[in-house]
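Number of protein chains: 2
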Amino acid sequence: MEQLQISPADSMGSPGKEQRAAGVGILLQIMMLVLSFVLGHVLRRHRIYYLPEASASLLIGLIVGGLANISNTENSIRSWFNFHEEFFFLFLLPPIIFQSGFSMQPKPFFSNFGAIVTFAIFGTFVASVVTGVLVYLGGVTYLMYKLPFVECLMFGALISATDPVTVLSIFQELGTDVNLYALVFGESVLNDAMAISLYRTMSLVRSNMSSGQNFLMIVVRFLETFVGSMSAGVGVGFTSALLFKYAGLDIDNLHNLECCLFVLFPYFSYMLAEGFGLSGIVSILFTGIVMKHYTFSNLSDNSQKFTAAFFHLISSLAETFVFIYMGFDIAMEKHSWSHMGFVFFSILFIGIARAANVFSCAYLVNLVRPSHRKIPMKHQKALWYSGLRGAMAFALALQSVHDLPEGHGQTIFTATTAIVVLTVLLIGGSTGTMLEALQVVGDGHDAPLGESFEANSGYRAPSYEGESSSGSRFKMKLKEFHKSTASFTALDRNYLTPFFTTQNGDDEDEHDELLGDSRRGVLRGHD
Amino acid sequence: MEQLQISPADSMGSPGKEQRAAGVGILLQIMMLVLSFVLGHVLRRHRIYYLPEASASLLIGLIVGGLANISNTENSIRSWFNFHEEFFFLFLLPPIIFQSGFSMQPKPFFSNFGAIVTFAIFGTFVASVVTGVLVYLGGVTYLMYKLPFVECLMFGALISATDPVTVLSIFQELGTDVNLYALVFGESVLNDAMAISLYRTMSLVRSNMSSGQNFLMIVVRFLETFVGSMSAGVGVGFTSALLFKYAGLDIDNLHNLECCLFVLFPYFSYMLAEGFGLSGIVSILFTGIVMKHYTFSNLSDNSQKFTAAFFHLISSLAETFVFIYMGFDIAMEKHSWSHMGFVFFSILFIGIARAANVFSCAYLVNLVRPSHRKIPMKHQKALWYSGLRGAMAFALALQSVHDLPEGHGQTIFTATTAIVVLTVLLIGGSTGTMLEALQVVGDGHDAPLGESFEANSGYRAPSYEGESSSGSRFKMKLKEFHKSTASFTALDRNYLTPFFTTQNGDDEDEHDELLGDSRRGVLRGHD
Numbered sequence: 010m011e012q013l014q015i016s017p018a019d020s021m022g023s024p025g026k027e028q029r030a031a032g033v034g035i036l037l038q039i040m041m042l043v044l045s046f047v048l049g050h051v052l053r054r055h056r057i058y059y060l061p062e063a064s065a066s067l068l069i070g071l072i073v074g075g076l077a078n079i080s081n082t083e084n085s086i087r088s089w090f091n092f093h094e095e096f097f098f099l100f101l102l103p104p105i106i107f108q109s110g111f112s113m114q115p116k117p118f119f120s121n122f123g124a125i126v127t128f129a130i131f132g133t134f135v136a137s138v139v140t141g142v143l144v145y146l147g148g149v150t151y152l153m154y155k156l157p158f159v160e161c162l163m164f165g166a167l168i169s170a171t172d173p174v175t176v177l178s179i180f181q182e183l184g185t186d187v188n189l190y191a192l193v194f195g196e197s198v199l200n201d202a203m204a205i206s207l208y209r210t211m212s213l214v215r216s217n218m219s220s221g222q223n224f225l226m227i228v229v230r231f232l233e234t235f236v237g238s239m240s241a242g243v244g245v246g247f248t249s250a251l252l253f254k255y256a257g258l259d260i261d262n263l264h265n266l267e268c269c270l271f272v273l274f275p276y277f278s279y280m281l282a283e284g285f286g287l288s289g290i291v292s293i294l295f296t297g298i299v300m301k302h303y304t305f306s307n308l309s310d311n312s313q314k315f316t317a318a319f320f321h322l323i324s325s326l327a328e329t330f331v332f333i334y335m336g337f338d339i340a341m342e343k344h345s346w347s348h349m350g351f352v353f354f355s356i357l358f359i360g361i362a363r364a365a366n367v368f369s370c371a372y373l374v375n376l377v378r379p380s381h382r383k384i385p386m387k388h389q390k391a392l393w394y395s396g397l398r399g400a401m402a403f404a405l406a407l408q409s410v411h412d413l414p415e416g417h418g419q420t421i422f423t424a425t426t427a428i429v430v431l432t433v434l435l436i437g438g439s440t441g442t443m444l445e446a447l448q449v450v451g452d453g454h455d456a457p458l459g460e461s462f463e464a465n466s467g468y469r470a471p472s473y474e475g476e477s478s479s480g481s482r483f484k485m486k487l488k489e490f491h492k493s494t495a496s497f498t499a500l501d502r503n504y505l506t507p508f509f510t511t512q513n514g515d516d517e518d519e520h521d522e523l524l525g526d527s528r529r530g531v532l533r534g535h536d
Numbered sequence: 010m011e012q013l014q015i016s017p018a019d020s021m022g023s024p025g026k027e028q029r030a031a032g033v034g035i036l037l038q039i040m041m042l043v044l045s046f047v048l049g050h051v052l053r054r055h056r057i058y059y060l061p062e063a064s065a066s067l068l069i070g071l072i073v074g075g076l077a078n079i080s081n082t083e084n085s086i087r088s089w090f091n092f093h094e095e096f097f098f099l100f101l102l103p104p105i106i107f108q109s110g111f112s113m114q115p116k117p118f119f120s121n122f123g124a125i126v127t128f129a130i131f132g133t134f135v136a137s138v139v140t141g142v143l144v145y146l147g148g149v150t151y152l153m154y155k156l157p158f159v160e161c162l163m164f165g166a167l168i169s170a171t172d173p174v175t176v177l178s179i180f181q182e183l184g185t186d187v188n189l190y191a192l193v194f195g196e197s198v199l200n201d202a203m204a205i206s207l208y209r210t211m212s213l214v215r216s217n218m219s220s221g222q223n224f225l226m227i228v229v230r231f232l233e234t235f236v237g238s239m240s241a242g243v244g245v246g247f248t249s250a251l252l253f254k255y256a257g258l259d260i261d262n263l264h265n266l267e268c269c270l271f272v273l274f275p276y277f278s279y280m281l282a283e284g285f286g287l288s289g290i291v292s293i294l295f296t297g298i299v300m301k302h303y304t305f306s307n308l309s310d311n312s313q314k315f316t317a318a319f320f321h322l323i324s325s326l327a328e329t330f331v332f333i334y335m336g337f338d339i340a341m342e343k344h345s346w347s348h349m350g351f352v353f354f355s356i357l358f359i360g361i362a363r364a365a366n367v368f369s370c371a372y373l374v375n376l377v378r379p380s381h382r383k384i385p386m387k388h389q390k391a392l393w394y395s396g397l398r399g400a401m402a403f404a405l406a407l408q409s410v411h412d413l414p415e416g417h418g419q420t421i422f423t424a425t426t427a428i429v430v431l432t433v434l435l436i437g438g439s440t441g442t443m444l445e446a447l448q449v450v451g452d453g454h455d456a457p458l459g460e461s462f463e464a465n466s467g468y469r470a471p472s473y474e475g476e477s478s479s480g481s482r483f484k485m486k487l488k489e490f491h492k493s494t495a496s497f498t499a500l501d502r503n504y505l506t507p508f509f510t511t512q513n514g515d516d517e518d519e520h521d522e523l524l525g526d527s528r529r530g531v532l533r534g535h536d
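Which chain is which? The protein sequence lines are A and B, in order. Quick note: to get this note's numbering, add 9 to the position in the first sequence (first position is 1). Quick note: to get this note's numbering, add 9 to the position in the second sequence (first position is 1).
Simulated from the structure, these hints should not be mistaken for laboratory data. Treat the hints with care, since some could be wrong.
Which copy? The list can't say, so a pair holds if one copy fits it or any two copies do.
DSBU-like mimics (lysine-lysine), calculated; alpha carbons at most 35 Å apart, straight line [said to hold, decoys possible]:
| # | residue 1 | residue 2 |
| --- | --- | --- |
| 1 | LYS314 | LYS116 |
| 2 | LYS116 | LYS390 |
| 3 | LYS254 | LYS387 |
| 4 | LYS116 | LYS155 |
| 5 | LYS254 | LYS155 |
| 6 | LYS314 | LYS254 |
Construct the complete structure from the given sequences, taking the supplied hints into account.
Here's what the structure looks like:
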C-alpha cells in the first residue's frame, strides 16, 4: 500500500510520544540545516573554496549520523532520518530541478543549445553504456563483483547523473567563462533527466526480460518517455503563460493569488508527468524554462521579485537538506564493504566513461562550430573534471536496492554512496584549484556576464556560409540540427513571445511599458 | 512505528505504479487547490459573501470526495487523500498559526490584550466545561449517546476551538471595527492553543485515571504546558531577534541566506516545543508575535517584503488545502450517522456554551474598562456568532478516534464533522449579513484602521483614576492584571525594543533611519 503513512491507525502506542519523537527528529534536521547555512556562509565569506557548501552539508550529515549511530538514539527518532526515495522524488527534487530551469540564463543556454543537448543526451548515453560494459567486463574477468548485463547498464545509467549544485556554486563565485558555465550547467541538469529515463527504461527491460522485447522497442519506449515528458512540461508552461496573460491578476491586491497560482504550476507539471507514467523531472525542467521565458514577464513587478526569491529559497533549502540527509543516511545505512574492489574499479570506469562522453561529444560539436566558437581543450578538461555525482545518483541507487535482488542492489548502493562522497568532497573541494590551473577563471570577471556573451554571440549567421565546404553527410545532419536551434530563436522572437506574453498590449500601465521596452532592447540586440 | 513511511521497503509491488498513483493523487489535490483559488477569487470579485473561500474549498473537497466515493478510484490513489492528523499537525498547521501571530497588528492586539486573554483562556475553559457537562447530562438523561465524563470534557475541549479563517476574511473585506476585529482574531487564535492544551490534559487524565491524580495536579500540568510552550516560543523569537541584529546579514547579496534562516525559526520553535512534549501551536504563535515585533525590523528591506509575502503565501496554501482536505475526508470517511440526536444536541449545547463564554467574559472585561471602552452588546453578539468550528476541531476529533474506544471516538468524530460543515457553511455564509444587521460594518471604512484605532487608544491612563471608586477586591485583581499589560507596553518601549532591534544604532543606512523614525513616531503617539 503506497501512501504517506504518518501515524498509521493500527500503531496505537501513545500518540504523544510519537509526536514527540517526530518533533525531536525534525528539530535535529532544522538544526543541521541552520548549521549548514551558517557554516556555508562563513566559508564563502572567507573564500575557502576547498570546502563548498554542499560538502559542508554532507559532512555535517555524516558526523551527526555517525554520532547518532554510536549513541543509543531511539528508533522512533532515527526513523525520521531514513532517506525515503519517494520523499526525495516527490518533495525535494521538484524544487531543485525547477529552479535549475527557472534560473537558466536563456541566452547563453540557447546559443549553446546544440552542444548541451549533445552532451546531455548523446553523451550521457555513451557514458552509461561505456560504464555498463566496463563494469560487466570487469565482472566477467573476475576483477570485481559480477552483475548481470542489464544491471550493469542500470548502474551505468544511475551513475552517469552528474550533480549541478556544488560545481556551479563555485563556478558562479569565481566568475567562469559564460559559455563554459552554460555547458556545465545545461549538461548537468539535462543529464539528470536523461539518466533517470535510461534507468527506468533499463529497469523495465529487466522486468520484461522474459517477454523478449527487442532493442528498437527500448529506444521507442525511451523516446516516448523523453518526448512525452518534454511536451507535457512545455505544454503546462505555455498554459500558465496564457493564464497569466489573460487573467488580469497583475493588479496590486491580487499579489498573493497570483503567487499562489504561479507556485502551483511547476508542481502540477511534475505530477502530471508522473501521473501519466512519464518523467516528472524532465517535465518540470522544461516547465521551468518556459515559465521563466514567457509566464514570468506576465506577472506584476512585485510578484516577479517574489517568485524569483521564493524558488531560490525553496530550492536552496531542498538542496542543503538533500546533502545533509544523504550524509546522515550514508552514516546510518548498513553497507556491504566487502566489495571494495567494485568501488575502486567503478570509480576508474566512470572516469573513463566521462572522458568518452566529453571528448567525443566535444569533437562532434567542434565539427560544426566555426573556428572562433570551438570548445577549447581546457573547457573540455573542465567539463570532464566537473562531473561529480550527487543526490540523483544516490536516490536512484537507493531505489535499485528495492528494484534488484539483495546482493546486487546493495553492492550498487554501496559503490554509489562511496562515489558520491568521494566526488563531492574531492572534486567539489578542488574545483576552484582546477579552474585556476586550467586558466578558465576570470573571463567573467573582466567583462560582466552579459557583455562577454554579447561579444561572442551572433556567431550563427557566418557559421553556415563559412564552414560548409568540408561537408560530409554526417556533418550536414549536425548542421541541420544546429540550424533548427537557430530558427527556434526566430520562432520565439516572432511568434511565441508576442503570443504568450503581454508584450503586444498597449492597454497596460507604465510597468508593462517598461517591460516591453527592455524586451524590445533585447530583440534589437539580436538583430 | 512512527515515521513518514513513504514507499515502505516491504511493499515491493511495482515502484512505477506506486509513484504513478502518488502522482495522480497529488495532481488531483493541486487541481482542487487551483480551482479553490480561482473560485474564491471570482466570488470575492463579485462580492458574494454567502460563499466565502473556505466554504468554497470545503464544498470542492466534499464534491470531489463524493465523486471519488461513487466511482471506483484505486485504493492507492485514494490513500493519498486520507486526513492524517500528524501531517496536519506537523506540516499544515504550523504555517497557519505562525501567520496568525505574524500578521497580528500589534497595537489593537496589545490594547485589547486583557480582553483577548480573558476570552481565550478563561472563556474557552468555561465553554469546554459547559459543553462537557451538558453533553454528560444529556447522556445521563438519555437525551443522547452516553459518554463517560472525562470523554465529555475532551469533546468539550476539542469543540471549543473556533476557527479564524473564514470569519476574519469577511471581517477584513467589510472593514469591521478594529477592536472587534482584534477581539475575534485574538480569541480565535489563542483559543486553538487553549483547546489543544485542554484536550491533551484531559486525554492524559483519562489514561492516568487509575493513578488517581487530583484536580490540582491537572491544573498544574495544564499551566506547565501552557506557560512552558509560551516561554519556548518567546525565547526562540528573542533568540532570532538577537541573531539577526548582530549577524549583519542585512546586506544585499545575503538576501537568500537571511530569508532561509528567518523561515526556519518558526518551525524550529514548533518542533522544540513538540520535542519537549509541550504544545507547538502555542509556541509558534508566540514566536510569530515576537518575530514580527522584534526580529522583522532587523531584516533588510527586501527580506522584509519577501518574508511577509512568503508566510502569507504558505499559510494561504495550507489553509485552502486544509479545507479541501477536510471536505474530501468528510465525504470519504465512514460515519456513524446513527447518533443524529448527539449531533443535534451538541450543536445546541455549543451555542449555549459559547454564550456562557462570551457574555460572562465580556461582563468581566467591562467591569474594569472605562465607560467609553466597554465592549458594546452588538460586539458581544458578533463575537458569539462568529464562533464557527474548523480544522483544529476536526483534527482533534480525528485524533480522538485513535485515543478513545471504538464507539465513543467515532461518535465524537461524526458530531464534530457535522458541526464543522454546518458552521462553516451556515455561519461562514451569513457572517456578512449578520455584521450588517448588527451595524458593526463600515466603522473601518470611514477611517482607516490605524486612525480609528489611534482615536480610541491611549485610554489606559484615565482608566485607573476614573473608575477605581466601585472597587471590590475582585475588580482590583482584574485591574492589576490590566495594569500589568499596560506596563508591558512600557517595558517593550524602554527595554525590549532597543535591546532586540537595531533601533539604537546610528551606524546603519538610510533604511534603518527610516525604520527608526517611524518607530519613534509610534512612541511619540503613545506619550
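What are the numbers of the hints the structure violates, in ascending order?
-> As far as the earlier hints go, 3, 4, 5 are violated by this structure, in ascending order.
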